[in-house]
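So the sequences go chain by chain: A, B, C and D.
Under this note's numbering, the first residue of the first sequence is numbered -17, with each subsequent residue one higher.
Under this note's numbering, the first residue of the second sequence is numbered -17, with each subsequent residue one higher.
Under this note's numbering, the first residue of the third sequence is numbered -17, with each subsequent residue one higher.
Under this note's numbering, the first residue of the fourth sequence is numbered -17, with each subsequent residue one higher.
I should point out that these hints are in silico values taken from the structure, not numbers from a laboratory.
Misleading hints may appear alongside valid ones.
One copy or any two copies: either way a pair holds, since identical chains are not told apart in the list.
[As the list claims (entries may be wrong)] Cross-link-like lysine to any residue pairs, in silico, SDA-like; alpha carbons within 25 Å at most:
1) K101 <-> T71
2) K285 <-> S108
3) K206 <-> Y102
4) K253 <-> K285
Number of protein chains: 4
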Amino acid sequence: MISFESDYICGAHPKVLEKLVETNMVPVSGYGSDPYCASAAEKIKAACGCPEAEVRFITGGTQTNQLIISTMLANYEGVVAAKTGHVSTHEGGAIEYTGHKVLELPEKDGKLQAETLNKYLKTYWSDGNHEHMVAPGMVYISFPTEYGTLYSKKELTDLYGICREYDIPLFIDGARLGYGLASSSCDVTIQELAKLCDVFYIGGTKVGALCGEAVVFTHNNVPKGFLTQTKQHGALLAKGRLIGVQFDALFTDDLYFEIGKYAIRLAEELKALFIEKGYKLMLDSPTNQQFPILENSKMEELKKEVAFSFWEAYDENHTVVRFATSWSTQEEEIQKLAQLL
Amino acid sequence: MISFESDYICGAHPKVLEKLVETNMVPVSGYGSDPYCASAAEKIKAACGCPEAEVRFITGGTQTNQLIISTMLANYEGVVAAKTGHVSTHEGGAIEYTGHKVLELPEKDGKLQAETLNKYLKTYWSDGNHEHMVAPGMVYISFPTEYGTLYSKKELTDLYGICREYDIPLFIDGARLGYGLASSSCDVTIQELAKLCDVFYIGGTKVGALCGEAVVFTHNNVPKGFLTQTKQHGALLAKGRLIGVQFDALFTDDLYFEIGKYAIRLAEELKALFIEKGYKLMLDSPTNQQFPILENSKMEELKKEVAFSFWEAYDENHTVVRFATSWSTQEEEIQKLAQLL
Amino acid sequence: MISFESDYICGAHPKVLEKLVETNMVPVSGYGSDPYCASAAEKIKAACGCPEAEVRFITGGTQTNQLIISTMLANYEGVVAAKTGHVSTHEGGAIEYTGHKVLELPEKDGKLQAETLNKYLKTYWSDGNHEHMVAPGMVYISFPTEYGTLYSKKELTDLYGICREYDIPLFIDGARLGYGLASSSCDVTIQELAKLCDVFYIGGTKVGALCGEAVVFTHNNVPKGFLTQTKQHGALLAKGRLIGVQFDALFTDDLYFEIGKYAIRLAEELKALFIEKGYKLMLDSPTNQQFPILENSKMEELKKEVAFSFWEAYDENHTVVRFATSWSTQEEEIQKLAQLL
Amino acid sequence: MISFESDYICGAHPKVLEKLVETNMVPVSGYGSDPYCASAAEKIKAACGCPEAEVRFITGGTQTNQLIISTMLANYEGVVAAKTGHVSTHEGGAIEYTGHKVLELPEKDGKLQAETLNKYLKTYWSDGNHEHMVAPGMVYISFPTEYGTLYSKKELTDLYGICREYDIPLFIDGARLGYGLASSSCDVTIQELAKLCDVFYIGGTKVGALCGEAVVFTHNNVPKGFLTQTKQHGALLAKGRLIGVQFDALFTDDLYFEIGKYAIRLAEELKALFIEKGYKLMLDSPTNQQFPILENSKMEELKKEVAFSFWEAYDENHTVVRFATSWSTQEEEIQKLAQLL
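Let's have the full structure, built from the sequences with the hints guiding it.
Take a look at the structure:
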């Protein structure tokens, strides 16, 4: 059985695991105050080219989104997001659980358009009843998006410009950031991205770690009482080292970026393979998630030998499915799949 | 430098780590649906002697307390706990964050007394204004308590009897359960404990795991929509295997219980050492946390060579400190300490 | 100056006020336990033809929506509503504040279509990832809607049928119920409406009271701990009599229904007037709110002599505005307006 | 039947009701933007001698406490209150519902002692683990307290001094403020009180209004987005005039203060009566609530002719009960009671 089910099917990248083993018996203090977290934070700041940033480590993606959004919004504010955004649909209402509305806007291929955002903000502020409505207090986008698509540098610049104009922070969910940055379609570097938002996170869980996301507050803008708020959310890890050690490994010798490149190369092979074999793709994804449309009978047949994910029904006889590559995907798996298709 | 700072200063017990390494490249599905979680759950149910139980894995202690309490209470109910309970004091308001009051009662050496509980419940229900007050909907105790003390089987039986009488669940926080069960003062087995409550958790973070707690719903009483609620709390790990694998190792060949015994043996040595050297202890703790009272000048001197925790000021010239043992404590560290005292 | 600004511009209907004056010095117990609340509840149950109902009195509309929705949903559930529903847009995020998502669906003239609801529920339950999503736990509609439109008996029957099929309650917001029931386009009686939902409220604030809404749980289905939850929301009035007395008056001699008829007659005159004078209406509202489209210059001119509300921009030169009638609207105001148009 | 059951047994003071009747048909805008609210606010600012204050009107006491506390605290902060404070015990967990802990401290006769507060704050800030604990972000006291007692000017000055030192606001719950200020034991004026806190409210519900409390932010410190937050809490009254008109009447010709004096005079008669007849009082209350200790048999006998409230059991044969006077108490009721005792 080969698996393209998701980008979190295996444990940790061997170099990450090695570092965990190597540091296992070194006693350190808890709650993120250890030297591994400190070292990882320094490396991340260097990689992002923003010495004035502050870095915090959180266990998982939904938890990170919930924590960042709820600690940066005022009580009466909501977060603006694409209708297809992870926070809008697939987090079990984690944002609303903290008392804040997700203000959902239409999108295109998973991307929030600058024009859509601008029009919404303008309409809100010119509405005579706006004080009876949830105030837009932050913008959330994901990079890559839930559909594997990427914002161009121009698109990010436009979105951030609007956020600056309306004085609300832009938050980039980078659960799969490594796979986005490594795409040949990506025209933005991590340093540039860090300058085009107020806070973003570098996903570890899907890019080589057992767990963990690194939040980068780009300009010394950690919310007040952040450690207490992390605890209050049940998100403060006693052994903070667990994430610190892993990110320290991921940001040594560009491992994080190498993982990205590796998975993207395999994703491109995958994509070429589907096209070559005559399959249609739901959209043209430039990153590690590919969305071929399979005939239902073919899908059932394939399932016996390959793990992949259901995405959505296409029509009565076809289904959109998702194939994901990651650091753990093997070249041979692609070859095996080629034979099966 | 030797360290008794806490029971979470090192990584994972070598056998746990080994299992993580060994299973690292096996692809599995996410969110706790993998075979490691299933296997660990079966082993835990067997160890607890309750086949009708259901087991869920959560990343950390505060998160577990928050999730269990908020999913088991009705909106208008609060959780009853000792004033010194972890949920009352040291979780940054994580329970209140979910909208529920912690109904704090007086305690003795960290333990909630049956009589105190009974009187409180009786007074509440006979108060003509009780509908204007938060209803007691659950009782929380920790085993061992935050002071390292243990409830006897009789005390647990009495508390649970009261809970049954008032038809509210009893929840036991077992963050350090392994160290409690291994104490020579403990007169209850894990099987008995499982029968004397509605839900409890077996702490992993402090007893050999990198992270993770195993929640045992003792009689098929998982709250409705629990997976969604876990997600909603940001507490659903994508790589659920991370905790499953670890608990699978901890519940193989009685490792969890062996770890407990090992740390308790060293804690007893530690205790004997303090007494022998003429130190007073804040209270007589039968578990892995010891609370000697140090003269401040001695404390400062010791700090240079030994890591331990501040607990509370005793008087102007003395301080209560905490020394903890765990699976990672070395015999030599005790010997070294003996020389220093 | 004449005013059509809203249906809550004046105090209370004279008969309501009279009853307040008349009962003013009678001492009664607090928190809704008084004989006026009891009498009003009986009269409402009789008027609704549902003896098995339970009635509770709440101060305002948003408060009522918040309380009903949050006490009837499970933690992990959200409420389904039209995108234009009051709870979706104009309550400052009051629903999300309680931790629940408003699951917004497309609408037609402010009405949620049965087909739309059915498709949404079917898709949700057939989605393999639905446990990662907020579960639809209730349906909210308003009668009349925010656009003044009405559901037909068939539409209500269809919606309620779907709710029954998926076993979720249907909640009808009747902030302007009196004006809906009195419309010549309304083909449902209050008795029928009570049978086509699980809970609804009879709006007082906009239909002759100083404040107050009467919630009708149609089949003995008051949420557990409701009084405590009302207190917990800050929604329990010490002088519960204030609302009880008013609803007692409103449900004496059909006053509530007479108020509705009166306002609807004037609204029809208003509508005829706009049409006669050549104004276009945004939509064909059969109730007490009318939405003419005014040229901006005309609008500015009118404003000097008539109070009305901004609704939304129509195009660069035109604006949709709202004119509302109520029990307090005077025949002469319509005549005065006729001269001005 | 005569009644001393509470201070909210009747409707509104005749002059308040008169003003409601008089203004009933004047059309005004909603949500507190009307001229009555504006006028009442001006009169209150003048009476308090603080022109830089801002005044907002809220419907009830618990709602006011919930709104003020949750809008003034940061996410990770709690409110410090006496264990017997209304927010601690009798609001159904309304504060916790907003996600904030009530940090309960010991009290004396219902009053929070400056020394107790100071010690608590000092201990909190010097605790090495304070970041794991809820931060004290506000102090709540009530004037008069739930036991009818009063803080002296010195006590208020001391408490406020500590709040200033720790830079946290002091909030005074004045649900019965009028009865406190009118007491012969009160050594503080409303102007002085306004200078000794950051926010307080002037209770209307218990002092002559049908409903309503006037919140005074003493130095232009209304929380950001307050109107939206009021809406979000379901606390924004459509007919804001209802409260505005009433406070306008209460602050015309010193009516609010006259009501206080009247009720206090009768309370003193009541107190003298109990003492004269040989009853013991639970404590020496200088305000409108008196707490005699009755023999149970006497209590049962009295109940047939007089309404009063159960307070708490005293011993097996005695009960503490509460008798309250208010603007609506009649001189004859005291005389009738004298005969019965």
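Worksheet item: Is the C-alpha distance from K285 to S108 at most 25 Å within one copy, between copies, in both cases, or in neither?
Response: Between copies, since 19 Å is at most 25 Å while 53 Å is not.
Worksheet item: When no copy is named, should K206 and Y102 be tagged within, between, both, or neither for a Cα gap of at most 25 Å?
Response: between (29 Å within a copy, 22 Å between copies)
Worksheet item: From the Cα coordinates, with 25 Å as the cut-off, is the pair K253 and K285 best called within, between, both, or neither?
Response: The answer is within: 18 Å in one copy meets 25 Å, while 60 Å across copies does not.
Practice prompt. Can you give me the call for K101 and T71, within, between, both or neither, at a CA distance of at most 25 Å?
Written response: Cα proximity of K101 and T71: in one copy and across copies (23 Å, 17 Å).
Going down the numbered hints, you'll see the structure goes against none, and every one checks out.
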